[in-house]
Amino acid sequence: MTTFLQATVAGLSLASIYMLLALGFVIIYKSMQVLSFAHPAIMLFAAYMVSWFSVDKDLNFWLALALGVVAAGAMGWLAERIAVRPMIGKPLFAIAILTIGLDIAIRTPINNLIGINIRSVGDPWGFGTWQIGGVVVQHRAVAMIVTAFIVGSLLFAFFRYSRVGLAMRATAIDQEVALAQGISVGRIFSLAWIMAGAMAALAGTFASSDLSGLSQSTYIVALKALPAIVVGGLDSIGGAVVGALIIGLAEAYTATYQSQHLSFLGGNFSQVVPYLVLLIVLLIKPYGLFGTEEVERV
Amino acid sequence: MRRLRRWNVLALLAAFALVLAACAQDSTDTTVADTAPDTTVADTAPDTTVADTTPTETTVADMMITTGPGVTEEPCPGGNPDRGCIYLGVLTDESGPFAGASAGLYGGQSLFWATVNAGDGISGAYDVAIPENLKKDTAYQPEKLVADYNTIAEDVAAIAQSLGTPQTLAALPDYTRDSTIAAPMSWWSGWAFEDLVIEFGTGYCFEAMNAIDWAVQAVPAAGRTFATIGILEFPSDYGFDYAAGVKTAAEANGLTVAWEETVIPVSAGGDPAQTEAVAKIVADPADVIILVTGPSETAAIVGGAAQQLGASVPLFIGAAPSWNSALLASAAAPAFELGIYYQSSFVGGWDYDSAGHEKMRQAVTAAGFPANDFFISGWVSQYGLKAALEGAYASGDLSHEGIMNAAFALTDVDYEGMMPSRSFAGDPNDVFPREGVIGGYSADATTGIATVQDFFVGPTAESYEFTEACAG
Numbered sequence: 001m002t003t004f005l006q007a008t009v010a011g012l013s014l015a016s017i018y019m020l021l022a023l024g025f026v027i028i029y030k031s032m033q034v035l036s037f038a039h040p041a042i043m044l045f046a047a048y049m050v051s052w053f054s055v056d057k058d059l060n061f062w063l064a065l066a067l068g069v070v071a072a073g074a075m076g077w078l079a080e081r082i083a084v085r086p087m088i089g090k091p092l093f094a095i096a097i098l099t100i101g102l103d104i105a106i107r108t109p110i111n112n113l114i115g116i117n118i119r120s121v122g123d124p125w126g127f128g129t130w131q132i133g134g135v136v137v138q139h140r141a142v143a144m145i146v147t148a149f150i151v152g153s154l155l156f157a158f159f160r161y162s163r164v165g166l167a168m169r170a171t172a173i174d175q176e177v178a179l180a181q182g183i184s185v186g187r188i189f190s191l192a193w194i195m196a197g198a199m200a201a202l203a204g205t206f207a208s209s210d211l212s213g214l215s216q217s218t219y220i221v222a223l224k225a226l227p228a229i230v231v232g233g234l235d236s237i238g239g240a241v242v243g244a245l246i247i248g249l250a251e252a253y254t255a256t257y258q259s260q261h262l263s264f265l266g267g268n269f270s271q272v273v274p275y276l277v278l279l280i281v282l283l284i285k286p287y288g289l290f291g292t293e294e295v296e297r298v
Numbered sequence: 001m002r003r004l005r006r007w008n009v010l011a012l013l014a015a016f017a018l019v020l021a022a023c024a025q026d027s028t029d030t031t032v033a034d035t036a037p038d039t040t041v042a043d044t045a046p047d048t049t050v051a052d053t054t055p056t057e058t059t060v061a062d063m064m065i066t067t068g069p070g071v072t073e074e075p076c077p078g079g080n081p082d083r084g085c086i087y088l089g090v091l092t093d094e095s096g097p098f099a100g101a102s103a104g105l106y107g108g109q110s111l112f113w114a115t116v117n118a119g120d121g122i123s124g125a126y127d128v129a130i131p132e133n134l135k136k137d138t139a140y141q142p143e144k145l146v147a148d149y150n151t152i153a154e155d156v157a158a159i160a161q162s163l164g165t166p167q168t169l170a171a172l173p174d175y176t177r178d179s180t181i182a183a184p185m186s187w188w189s190g191w192a193f194e195d196l197v198i199e200f201g202t203g204y205c206f207e208a209m210n211a212i213d214w215a216v217q218a219v220p221a222a223g224r225t226f227a228t229i230g231i232l233e234f235p236s237d238y239g240f241d242y243a244a245g246v247k248t249a250a251e252a253n254g255l256t257v258a259w260e261e262t263v264i265p266v267s268a269g270g271d272p273a274q275t276e277a278v279a280k281i282v283a284d285p286a287d288v289i290i291l292v293t294g295p296s297e298t299a300a301i302v303g304g305a306a307q308q309l310g311a312s313v314p315l316f317i318g319a320a321p322s323w324n325s326a327l328l329a330s331a332a333a334p335a336f337e338l339g340i341y342y343q344s345s346f347v348g349g350w351d352y353d354s355a356g357h358e359k360m361r362q363a364v365t366a367a368g369f370p371a372n373d374f375f376i377s378g379w380v381s382q383y384g385l386k387a388a389l390e391g392a393y394a395s396g397d398l399s400h401e402g403i404m405n406a407a408f409a410l411t412d413v414d415y416e417g418m419m420p421s422r423s424f425a426g427d428p429n430d431v432f433p434r435e436g437v438i439g440g441y442s443a444d445a446t447t448g449i450a451t452v453q454d455f456f457v458g459p460t461a462e463s464y465e466f467t468e469a470c471a472g
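Quick mapping for you: the protein sequence lines, in order, are chains V and G.
Residues 1 to 298 (my numbering) are what the first sequence spells out, left to right.
Residues 1 to 472 (my numbering) are what the second sequence spells out, left to right.
For the record, the hints were derived by calculation from the structure and aren't laboratory data.
Idealized CB from N, CA, C, for every residue including glycine.
Check each hint, because a few of them may be wrong.
Each pair of labels, with its calculated beta carbon distance range [claimed, not checked]:
1. I132(V) x G339(G): 22 to 30 Å
2. W62(V) x D444(G): 31 to 39 Å
3. G254(G) x G133(V): 20 to 28 Å
4. E401(G) x L282(V): 55 to 63 Å
5. P334(G) x I132(V): 39 to 47 Å
6. S263(V) x G254(G): 21 to 29 Å
Chain V residues, not near chain G, derived (Cβ > 10 Å throughout) [to be verified]:
7. P91
8. A94
9. S153
10. V164
The task is simple: from the sequences and hints, build the whole structure.
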């Protein structure tokens with residue numbers, strides 16, 4: 001039982017990061033119908049900024065985190081205004097390809113800044129743990145899980161009850177109709193990228209607060225959130241949460257038990273599991289568990 | 001053909017006459033280097049020894065140097081105006097899994113040659129340069145390394161860094177076509193059997209044998225039992241070659257390899273928290289865990305295991321590339337402070353007491369770079385090339401073939417104490433270096449690792465019949 005609970009804590013920790021990242025992907029997708037492949041770069045940029053403010057400039061971690069969130073939001077806004085906005089009306093795949101270019105353009109200089117060292121983000125959780133009934137719980141894990149839950153709830157309420165959230169949903173359904181209703185589609189796009197950037201900042205900081213720290217490789221975590229949003233449904237906030245939980249827990253349980261009980265599957269099978277889950281879900285529900293199904297005449 | 005300038009020839013004749021008069025019996029040491037202008041930093045230039053390729057008689061005709069690609073009569077950009085220039089290429093990884101190492105490796109190599117150039121250069125006649133345009137980002141892809149090499153093949157005398165084993169193996173046919181020698185940035189034991197590869201230090205395999213032989217004595221002495229081994233390795237030549245050495249030494253010492261698991265690098269999409277590896281250690285904590293990984297994985301594995309097991313966490317021995325001084329500032333630092341981490345290596349660590357280390361430290365500090373072990377690898381990798389270039393110059397042939405032949409004839413490359421000197425001429429079983437050094441975590445050491453066992457050859461490595469690569 002201890003082992004199971006230990007794996008559950010690990011899975012929830014993983015799911016928290018995936019959730020924050022998936023929410024960023026979904027916010028942009030909900031407003032523009034575009035999957036932003038620049039998200040990993042913005043996450044890396046934000047984590048570096050938090051590290052720079054916290055370690056290099058010796059600011060309080062929470063202030064550094066706040067500044068990192070602002071910086072990532074600004075980076076998202078800039079990316080949208082400079083690169084994405086001029087592409088509106090062009091084929092969606094072209095915009096998606098453009099975001100790959102954005103990813104490289106942002107990530108390359110950040111990689112140079114990170115350099116050869118593993119960096120700390122100066123988080124207060126460090127090596128600290130609690131022992132709860134034989135289960136080791138990292139302080140960091142609790143912070144991540146609580147933050148992800150709060151952010152997810154706030155976002156859900158934002159889209160469900162606020163006027164701006166309603167406008168974002170309307171824009172996602174039909175931009176021309178939204179414009180006709182007096183919604184500033186351009187502002188909605190900007191807001192989506194700013195919010196996604198802020199989510200990425202939180203995710204990047206948590207990912208970098210891991211024992212392995214912030215390095216050039218940290219951006220890969222963002223790519224591992226993709227199965228979560230596909231499983232949950234690309235345009236569903238609730239789906240992103242559920243998808244992240246499914247993927248995170250499946251990965252952690254496999255990592256804990258597979259080598260002992262299903263060793264014939266080989267090492268590192270846990271890294272395959274997210275994509276296996278993705279495959280199974282898509283075969284059964286092509287739009288994900290909570291995605292909006294499109295009705296097409298044939 | 002490169003003809004020395006007239007004043008150089010005159011100076012050479014004068015110097016030659018003086019040398020003949022003063023020490024005729026020492027003519028093997030007479031080269032153009034004797035006519036080079038004195039510089040104030042000459043004494044800091046790394047030294048290498050080339051024994052067999054220097055002409056026993058020096059005449060004006062011997063100074064007619066045959067040159068090839070990458071060797072110019074014109075000085076290097078910003079170099080000594082009285083010397084020619086030898087250009088080297090670098091095939092590194094600036095955007096793949098070892099991107100984090102690239103700057104340090106290239107930095108170490110550049111500083112090495114800058115220090116050489118500040119002294120006598122190559123025999124007082126040439127400086128050596130690795131300009132940015134001859135440094136290529138291979139992204140750790142074999143086909144890209146081959147393509148990149150071919151874009152610079154006509155412009156380089158040799159390759160100062162060929163990063164990665166599969167990548168370098170892929171390029172070997174092209175290196176062979178051009179007779180281009182290359183310093184690899186990997187320690188696969190199979191390099192001993194490849195002529196054009198001027199490897200440095202012992203291979204992963206022997207490093208591992210020495211680590212286990214050392215642990216057989218040291219672990220019980222530290223009050224722990226040592227009967228079982230767990231291995232966590234990257235699925236690559238690095239992981240497999242090192243693991244082969246561990247298994248060989250385990251068998252020789254009557255130890256049991258309880259389990260062996262591969263670890264996907266974080267940079268290749270692996271789990272940053274290393275949940276699987278940590279779970280394996282918790283479920284089956286072998287007495288000593290061998291880490292053949294990178295620093296990120298080391299932090300997550302050692303830190304994660306220590307968080308869950310506390311004081312009963314096993315001892316870890318990491319291969320040389322498993323450590324980065326930045327771990328001292330990571331969240332995992334408290335785990336290392338438990339004194340459970342040791343490190344095998346082919347070269348002395350940052351604080352190691354040798355003339356070569358001292359020169360490297362001075363160069364890195366003067367350049368304003370922070371201490372980092374990647375500089376050591378970059379720096380020490382160039383001694384073999386320097387010896388080959390000096391040998392080629394001494395034989396009057398700086399063409400690719402001349403440099404290659406000089407490399408084959410090297411019998412006593414001196415690494416200025418950074419590692420034991422070695423020969424490249426002879427059967428690998430006789431000449432391949434087997435010495436290793438062991439370090440342990442120390443908060444007082446500049447990069448976190450202090451020497452706990454100076455260079456030695458353990459009994460397993462000593463008796464190992466080395467007729468082929470340990471793995472791969």
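**OP:** If any of the earlier hints don't hold here, list their numbers in rising order.
**Re:** 3, 5
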